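Got two chains here, each in a separate frame; can you build the complex from them with the hints?
Protein chains in written order, with our numbering: chain A, 1 to 363; chain B, 364 to 515.
Don't take every hint at face value.
Which chain B residues stay away from chain A? Per the calculated CB distances, all over 12 Å, these [said to hold, decoys possible]:
1. A389
2. V397
3. G418
4. T471
5. E506
Here are the simulated lysine-lysine pairs, DSBU-like style, with alpha carbons at most 35 Å apart [as the list claims (entries may be wrong)]:
6. B:K456 x A:K132
7. B:K456 x A:K110
8. A:K65 x B:K442
9. A:K65 x A:K160
10. B:K504 x A:K229
11. A:K110 x B:K396
12. B:K396 x A:K132
13. A:K331 x B:K456
14. B:K499 x A:K160
15. B:K499 x A:K229
16. B:K396 x A:K229
17. A:K229 x B:K456
Hints were generated in silico from the structure; no laboratory data involved.
Since we're looking at a predicted model, the values are computed, not measured.
Beta carbons: idealized from backbone N, C-alpha and C, even for Gly.
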Amino acid sequence: MYVAVKGGEKAIDNAHAWLAEERRGSTDIAELSIAQIREQLSLAVNRVMAEGSLYDPDLAALAIKQARGDLIEAIFLIRAYRTTLPRFGYSNPVETGEMACDRRISATFKDAPGGQVLGPTFDYTHRLLDFKLAAEGEVPAAPEAQPRVEPTPHISEFLKGEDIIQDEPASDATPGDLTREPMEFPAGRPLRLQSLTRGDEGFVLGMAYSTQRGYARNHAFVGELRIGKVAVEMDIPELGFAIEIGEVELTECETVNQFKGSKTEPLQFTRGYGLVFGQSERKSIAMALVDRALRWEELGEDNLGAPAQDEEFVLSHADNIQATGFLEHIKLPHYVDFQSELELVRKLRREAEERITPREAAE
Amino acid sequence: MADYQNIANTARRDWMGLLARAPDDALIELWGKVGTPPSFDWLRSPEVGGVMVRGRTGGTGAPFNLGEMTVTRCSLVLKDGTVGHGYVQGRSKRKAEAAALIDALMQTDAAEEIRASVITPLSQQMQDARTARAAKAAATKVEFFTLVRGED
Chain A
1 MYVAVKGGEK AIDNAHAWLA EERRGSTDIA ELSIAQIREQ LSLAVNRVMA
51 EGSLYDPDLA ALAIKQARGD LIEAIFLIRA YRTTLPRFGY SNPVETGEMA
101 CDRRISATFK DAPGGQVLGP TFDYTHRLLD FKLAAEGEVP AAPEAQPRVE
151 PTPHISEFLK GEDIIQDEPA SDATPGDLTR EPMEFPAGRP LRLQSLTRGD
201 EGFVLGMAYS TQRGYARNHA FVGELRIGKV AVEMDIPELG FAIEIGEVEL
251 TECETVNQFK GSKTEPLQFT RGYGLVFGQS ERKSIAMALV DRALRWEELG
301 EDNLGAPAQD EEFVLSHADN IQATGFLEHI KLPHYVDFQS ELELVRKLRR
351 EAEERITPRE AAE
Chain B
364 MADYQNIANT ARRDWMGLLA RAPDDALIEL WGKVGTPPSF DWLRSPEVGG
414 VMVRGRTGGT GAPFNLGEMT VTRCSLVLKD GTVGHGYVQG RSKRKAEAAA
464 LIDALMQTDA AEEIRASVIT PLSQQMQDAR TARAAKAAAT KVEFFTLVRG
514 ED
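So that you can see chain B by itself, here it is in the shape it has in the complex (with noise of 0.2 Å):
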C-alpha cells in the first residue's frame, strides 16, 4: 500500500512539475483544446505569491537564500470530490487554474486522455526546447588539438 502510495505520488510530482515549468502560452493553448473543462469549486481562488530559492554555499554546503521567484496557487475540488492543486511559476492564473483542473483529471478516469492531450505533447515541447539548447551548447564545446612538430 505503502508503496503503491509512493509510485502515485512520483507520478503526480512529475506531471505536477511539468505543468509548473510549462510556458503559460503552450499549456493554455493545449489545455484550450481539450474540450469543456469540467465543473468545480475554488478550495483556494489562484493567488501569486513568492518562494524564497535556496542555493548552497559551494554548490554542495550549508543553504542560502538566494532571491525570490512568483509562483502563482490555487486548490479546487471538483463535483466527485477530486482535489487538484495548481503550483505554477510566474503571475498567470489562468494558467494556475489549468495546473489545477489537469492535476485533478489526472487523479480520474479522465487521466489516459489528458496524458494522451496534454502531458505528452507538453513534455515533448519542453524536452525539444531544452535538446535544441542543448546540441547549441554542445556546438562550441572546444576541441583541443596539439600541433605535432619536428621529423619523425
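Chain A extracted, bound-state conformation (with noise of 0.2 Å):
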C-alpha cells in the first residue's frame, strides 16, 4: 500500500517557528550572548569542544545556545559543521610537558617538584547552594603568588630513572584516524585514543566506574593531573619550517596502575592514559581508566570478560552522536514498516483464531 509522504511541511515550518520561540524564553529576561555562554558556562563549552572533536569556543557557545542547552544536540550541531571544514593538515604532536598548568596534581606523590597546584577546583567545595550567585555582586580578586615561570616536569619522569613504571617511548607512527577511515577491530591504542577523547562523558565514566568496581579491576592512582594551555605547532608547507598556530587548553590525566609482571615484562608499574579538550578533569580520569584496562591484552593480562575490556564494545558505543542518531530515529516515520508489521501480526492471529476455532467446535 501507499502511504503520503508529503503535507507535513506546514506543520514543521510552524514547529520550527516555535522552537525559536521558545528557545528564546520570555522576552521580559534578557537575551544571553556568545559571550556569555562562552565565559559563564565554560565547563559546557569545554564538553562540546571535546566531543564535539573541534576546539572552538565561540563556536561550542553558538551550538550551546542554538540547543538550548542540550550538550548532546550541540555537539551534534558542532560535528555536522565539522565536516564542511577543509582539512588544512594535522599538526605536530603537543608537548604536555610544555604546558602552562592552571592546575597540576599527584595523588602518588606529595612533594613532587612543581608542586600540588589546586587552580581553578569544585574540589573541597562543600556542594551547598550558594545563593549568593542568585544575586548580583562583584567577585573579589583571587590571590596571586609568584608565578612559575619554567615548565613543570611530568611526574612519571621521575620514576623512569628507576625502570619500575612502563616507558612510552617516542615514535613517529602514522596514527588511524576515525574521521578518515571507518574504525576496524582490533583497533590499536591511538584510534582508541581518540575514540575515548571525543566520547561520550557519561558512557566513558560508566566504563571507568565498572573497572573501579571490580570488571577488570586495574587498582588506579592519578599519578598526575594537569590543566593549562599548550601551544600547536604545524609544518607549513609553503614555508618550509613549522610554526606555532594557536594554543589549546587540555586536560591530562596519567593514572598509575599496580601490574604484577608477566612473561614478557617485569614487575613494575604500568600506565593509562587520558587527553582531553578543556577543562574536562572527569572525562579524563575515565579516559584514562578505560584506555588502562583495554590494555590487557599487550600487557599479558587474563580476559576477564569484562565490558571495559571489549575494545569493540567500548569503541562501538562510546560515540553519542552515532547513538542519538540510531536511537532518535525510531521515533522518525515508519507508518510503512509498521504497516507491514501491523498486517502480518493480523494475519497469524487471524490463522491461529482459525486454528482453534475448529477444534472448540469438535468439544
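Written out as C-alpha cells, the structure reads:
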C-alpha cells in the first residue's frame, strides 16, 4: 500500500517557528550572548568542544545556545559543522610537558617537583547551593603569588630513572584517523584514544567506574592530573618550517596502575592515559582508566570478559552522536514498516484463531 | 648563509606564532592603529579550515589524533613582491589578513616600525595575561606543613 509522504511541511515550519520562540524564552528576560555562554558556562563549552572534536570556544557557545542547552544536540551541531571544513593538515604532537599549568596535582607523590597546584577546582567545596550567586555582585580578585616561569615536569619522568614504570617510547608512526577511515578492530591504542577522547563523558565515566567496582579491576592511582594551555605547532609547506598556529587548553591524566608482571614484562607499574580538550577533569580520568583496561592484551593480562576490556564494545558505543542518531531515528515516521508488521500480526492471529475455532467446535 | 637563513626563519617563526595565538580583538586593534595598510594582491584569499591536533600516548609515546581546531589562512604579495602568510587560530578572516600583512611588512624596511607598534605590545599583553594566570595558580599551590608533637 502507499502512504502519503507529503503534507508535513506546514506543520514542520510552524514547529520550527515555535522552537525559535521557546528557545528565546520570555522576552522580559535579557537574551544570552555567545560571549556570556563562552565565559560563564565554560565547562559546558569545553564538553561540547571535546565531544564535538573541534576546538573553537565561540562555535561551541553558539551551538549550546542554538541547542537550548542540550549538550548532545550542541555536539551534533559541531560535528556537522566540522565536516564542512577543509582539512589543512595535522599538527605536530603537542608537548604537554611544556604546558602552562593552571592546575597540577598528583595523588601518588606529595612532594613532586612543581608541587600540588589546585587551580580553580570544585574539589573541597561543600556542594552547598550558594544563594549569593542568585544575586548580582562583584567577585573579589583571586589572590596571586610568585608565578612559576619554568615548565612543570611530568611526574612519570621521576619514576622513569628507576625503570619501575613502563616507558612510553616516542615514535613517529602515523596514527589512524577515525574521521577519515571507518574503524576496524582490533583498533590499536592510538585509535582507541581518539575514540575515547571524543566519546560521551557519561559512557566513558560508566565504563571507568565499572573497572573500579571490579569488572577488570586494575587499581589505579592518579599519578598526575594537569590542566593548562599548550601551543599547537604545524609544518607549513609554503614556509618549509613549523610555526605555532594557536594554543589549546587541555586536561591530561596519567594513572599509575599495579601490574604483577607477565611472561614478557617485569614487575612494574603501568599507565593509563587521558587527554581531553578543555578543562575536562572527570572525562580525562575516566579515559585513562578505560585506556588502561583496554590494554590487557598488550600487557599479557587475562581477559576477564569485562565490558571495559572489550575494545569493540567500548569503541562502538562511546560515540553519543552515532548512538543518538540510531536511537532517535525510531521516533521518525516508520508508517510503512509498522503497517507491514501490523498486517503480519493480524494475519498470524487470524490463522491461530482459525486453528483453535474448529477444535472448540468439535468438543 | 644557511645560519643567516635559520636565524631569519626563527624570527619569522616567532612572530607568526605570536600572531596565530593572539586574541582577535587585540591584534586587529593594534593593527588598526598602524595607519593605511599597504596595497597587495591575494595569492590565496582567506579561508577557514580545520587542523587535526595530535597528542602522544602517555605524553611522550606514539602520536594519536586528539581532535581538530579551527584555523584561518591566507597568502598575499605586496607591490614590491614580498610574500606574507597568515595562519591564525579561529575563524576571523580579518585577523588572518592582518597577520599576513604584518608577516610581509616584517620582511621589509618597515619591520622596526611594525615590531614597535604591533609585535612588542602584543607580545607584552599576551605575556602579562599568561603571567597573571600563573600567579593565580601559584597562589593555589599547597604548602604542606607538619605539626611537631611531644616534648623535647
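Self-check item: Contradicted hints - numbers only
Solution: Going through the list in order, the structure violates hints 3, 5, 6, 7, 8, 9, 11, 12 and 13 and respects the others.
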